[in-house]
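Chain order of the listed sequences is A and B.
Just so you know, we're using the working numbering here: the first sequence kicks off at 1 and counts up by one.
Just so you know, we're using the working numbering here: the second sequence kicks off at 1 and counts up by one.
If you are wondering where the hints come from, they were derived from the structure by calculation, not from laboratory data.
Please note that a few of the clues may not be correct.
It does not matter which identical chain is meant; a pair holds if it fits inside one copy or across any two.
[Said to hold, decoys possible] Below, in silico cross-link-like pairs of lysine-lysine (BS3-like), each with a Cα-Cα straight-line distance of 27 Å or less: (1) Lys181 / Lys27; (2) Lys27 / Lys122; (3) Lys60 / Lys181; (4) Lys8 / Lys93; (5) Lys122 / Lys177; (6) Lys181 / Lys122; (7) Lys171 / Lys152; (8) Lys177 / Lys152; (9) Lys52 / Lys122.
2 protein chains.
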Amino acid sequence: MRKNFGSKPWVYPQPVLMIGTYDENGKPNLMNAAWGGQYGGNTVMLCLSSHKTTDNIRLKGAFTVSFATAATVIPCDYVGIVSARQEPNKMEKAGFTTTQSEFVDAPIINELPLTLECRLVKFNEDGNVIGEIVNVSADESILTGGNVDHSKLNAVIFDPTSAAYIRLGEKVGNAFKDGAKLK
Amino acid sequence: MRKNFGSKPWVYPQPVLMIGTYDENGKPNLMNAAWGGQYGGNTVMLCLSSHKTTDNIRLKGAFTVSFATAATVIPCDYVGIVSARQEPNKMEKAGFTTTQSEFVDAPIINELPLTLECRLVKFNEDGNVIGEIVNVSADESILTGGNVDHSKLNAVIFDPTSAAYIRLGEKVGNAFKDGAKLK
C-alpha cells in the first residue's frame, strides 16, 4: 500500500549547493540552496528566490558552486539562514575564508574542497539561474591518485522529507556497468 | 593547493532519478537519469537526450520520478543502459512491476518506494523536461510515524567523479536549525 502526500518538493536526495559570489564592493558572500542540479553537459541550474546572491550574480555574471561537507554542516547551514543584508560579517562568523577563482569573478571558499566555477549564462524563462561550468577545482586533500575521492570529500545531502543533513556512506555499485549482469 | 579539472558535469552528489512512462500501447518503460533536480516549489527538471522516454512524455503528458535504492541498484542501472527500442522486455528482465498512478497517465514502479507523480508542463527553452509534481506517494514500508524515513528508503546517489552508486549514511545535522548555533 502507498500513502499519498500531495504535491511536495521531494526530489530525493537534494544536494547542498553552496553558492559563492562577490558583491559590488568585492566582498564575498555565500548561501546554500537545495533546489538545483546538472542542467546540461556543461551547465548547472539553481532555483533561488531573491537574495543578495542573485543581485551579485547579475552584477558579476559569475558564481561558484561548492558542496557542504560533514565537517562544515554548521557553518553551511548558518550562511543559509542568515542574510548578508542583515549580518554583513556572516562569512567571518561562519569561519569561511576565500580565494578568487582564476577563471570567473567569484570566490572559492577555502574550507569547501570541491567547487564548480561558473559563468552566468542567463536567468531562464522561469527565472532560474543557468551557469556554464568553466572549471572544476578540487583541494588536494580530497584526491586519491589525482581523482576526487568521495570518501575524502565527505559531502552531505539534504533530506527534504525531514529537513536533515545526511552523510554519504559506502559505495554499492558501478553506474553503466552493474546493469550488464542482467543482460 | 587546488587541482583544476576543466569543465566537468560534477554537481555533487546527483540523484538517481528513475523516470517511468507509458508508450503508445500503454506499455510501461523506465530509464534512469542523474541530470535533474527540484526546479521550483512544485516542479522538477530533467535533462534527457532523445529516448523512448521523451517520446512517451510528449505522448502522454505525464511521467513518474522514483529514486534508486540500495536494494535495486542492479535493475536500476540495467534500465539505464538498455533501451526499450532494443529490448522490448526490459521491464520484465529487470524484475520491475507497475501500477498506474491514480493522478497521472504514468506507471508507479512497485519496487521503488518513493515516487513523484508528474504532469508535463513543457519542454523548456533549453529542451529540458519540466514537470509539475501532482502527488508524491510512498510505500508504507518506508514510513515511520506516517512520514518518509530516509533510513528505510535507503536511496543511493550517483557520484559523477567515479560513476559509482553510493548509499546514504547517518544523519549529521538539522537544516534551518544547526546554523543558529553560530548566531
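Hint check:
no. : hint            : in the structure
1   : Lys181 / Lys27  : between (53 Å within a copy, 24 Å between copies)
2   : Lys27 / Lys122  : within (23 Å within a copy, 39 Å between copies)
3   : Lys60 / Lys181  : neither (49 Å within a copy, 32 Å between copies)
4   : Lys8 / Lys93    : neither (33 Å within a copy, 32 Å between copies)
5   : Lys122 / Lys177 : neither (36 Å within a copy, 32 Å between copies)
6   : Lys181 / Lys122 : neither (42 Å within a copy, 36 Å between copies)
7   : Lys171 / Lys152 : both (13 Å within a copy, 18 Å between copies)
8   : Lys177 / Lys152 : both (24 Å within a copy, 26 Å between copies)
9   : Lys52 / Lys122  : within (17 Å within a copy, 30 Å between copies)
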